[in-house]
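Chains B, C and D: place on chain A using the hints.
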Amino acid sequence: MTYQIDIVYFSWVKERLGRDQETIICPASVETVGDLVAHLKAVDSIYQQVFSDLKKLRFALDQDFVGLEASLGDSRELAIFPPVTGG
Amino acid sequence: MTYQIDIVYFSWVKERLGRDQETIICPASVETVGDLVAHLKAVDSIYQQVFSDLKKLRFALDQDFVGLEASLGDSRELAIFPPVTGG
Amino acid sequence: MIKILVLDDDFDAGAEIANLSALGGGAVASFVGQVRGDGQLDALELEHYPAMTEKALREIAEKADKQWPLHGVTIIHRVGRLKVGEQIVLACTCSDHRQAAIEACSFIMDQLKTVAPFWKKEIKQDGSESWVEERQSDIDAAKSWKD
Amino acid sequence: MIKILVLDDDFDAGAEIANLSALGGGAVASFVGQVRGDGQLDALELEHYPAMTEKALREIAEKADKQWPLHGVTIIHRVGRLKVGEQIVLACTCSDHRQAAIEACSFIMDQLKTVAPFWKKEIKQDGSESWVEERQSDIDAAKSWKD
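Protein chains in written order, with my numbering: chain A, 1092 to 1178; chain B, 1092 to 1178; chain C, 34 to 180; chain D, 34 to 180.
In isolation and in its complexed conformation, chain A is listed as follows:
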């Protein structure tokens, strides 16, 4: 069974991908954030370029910070962005 999730991008991730959000249909094999990132990198070289160094990326599922190992569960929104620099 496939699964649909919205992805939002910020800062240079958004700029380099040239989009601020998109909806992705995941194959059933995609269970975690890391799986989804790997899936995207497999389908298009732009993700390979922008997501080349995973240490420079942070993730939030439904607006909570998570790691690559986090299960997507029935989350509706994944955010991918660089480390925050506010304050």
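One should not assume that every hint holds.
With a straight-line cut-off of 25 Å between C-alpha atoms, the simulated SDA-like cross-links for lysine to any residue are [unchecked claim]:
no.: 1; chain 1: C; residue 1: Lys157; chain 2: A; residue 2: Pro1174
no.: 2; chain 1: D; residue 1: Lys153; chain 2: B; residue 2: Ile1116
no.: 3; chain 1: A; residue 1: Lys1147; chain 2: C; residue 2: Leu38
no.: 4; chain 1: C; residue 1: Lys116; chain 2: C; residue 2: Lys179
no.: 5; chain 1: D; residue 1: Lys153; chain 2: D; residue 2: Glu166
These aren't lab readings, by the way, just hints derived from the structure by calculation.
Frame of chain A; chains B, C and D shown alone:
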């Protein structure tokens, strides 16, 4: 040779002594702040009462905090008061 | 009392301090961060993640409120383009105790630097742009607070 | 830039913060202390040693300025009779770095409690009066800063 010094009092020291300042003529034997306090206690029982617990008193010579061992030198003003409580 | 604001417009730090002072705690600490005019900087562009921002700021305020005996916490963070000298952020805390107020204010700022979804882009006077990178000193500062 | 004020009248904390903000450091920390309405308190009477006060406050500000990279320090302390809720004291510091500004502000408050010649008398609603005694926690806090 005698020595003359102004003494100023604050807070409950002032209230209990019933004065906020006075000029004292010290005998030549008075060399330190402690000597001066002992001299005052010897001349009038009011000082004995108010200065009974020296741990509750603080001293400043010409507006600098000092201890009982400080030499009066040619200081012009000694202040005697309780620990400060501002801020 | 927790107050969270995410604003395009400027804020009045004095008025916010007065609001917390009115709670009667006796000790009000605050921190204001501004755009610092380093070298050729013209402005900062502050981007954020609107769906997450207020929630993240509220969590920071609630953590502070749990860790210290506070009467009130105010966090204001601006977004959009901010010129050199403009205010970016305010953290303000009110307590019965000065150390609690000051420590909580410091904690909030350290958290803001590491777990609030804001990103700063520097815009130089020559028009060039670059995203600010995270600083190890900010990571270390945030880690120095025990959970 | 060091600014020291000893005042009978109230002060505008927001204006003082704005003055230090104008120095452009980017990080402005402040602390405001007020008369806290504990129990039956009506007011505080703040006595000071006029010939020594400004000098003592300036020494505190200079010590802070030596220990941290500050652009400016403002210390305001009121004297006379202050009702519950009124402002007593302001410490405000400006730096390029938030930790420097916050730590210096905290240091100044700890010094104010232990080496500035002010004495507080509590005046209760029933008219009774008593001098505030020094607190061990203030002595410990002041000692926690290395010279």
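Hint by hint, here is what the structure shows:
| no. | hint | verdict |
| --- | --- | --- |
| 1 | C:Lys157 - A:Pro1174 | holds, 22 Å |
| 2 | D:Lys153 - B:Ile1116 | violated, 31 Å |
| 3 | A:Lys1147 - C:Leu38 | violated, 28 Å |
| 4 | C:Lys116 - C:Lys179 | violated, 35 Å |
| 5 | D:Lys153 - D:Glu166 | holds, 8 Å |
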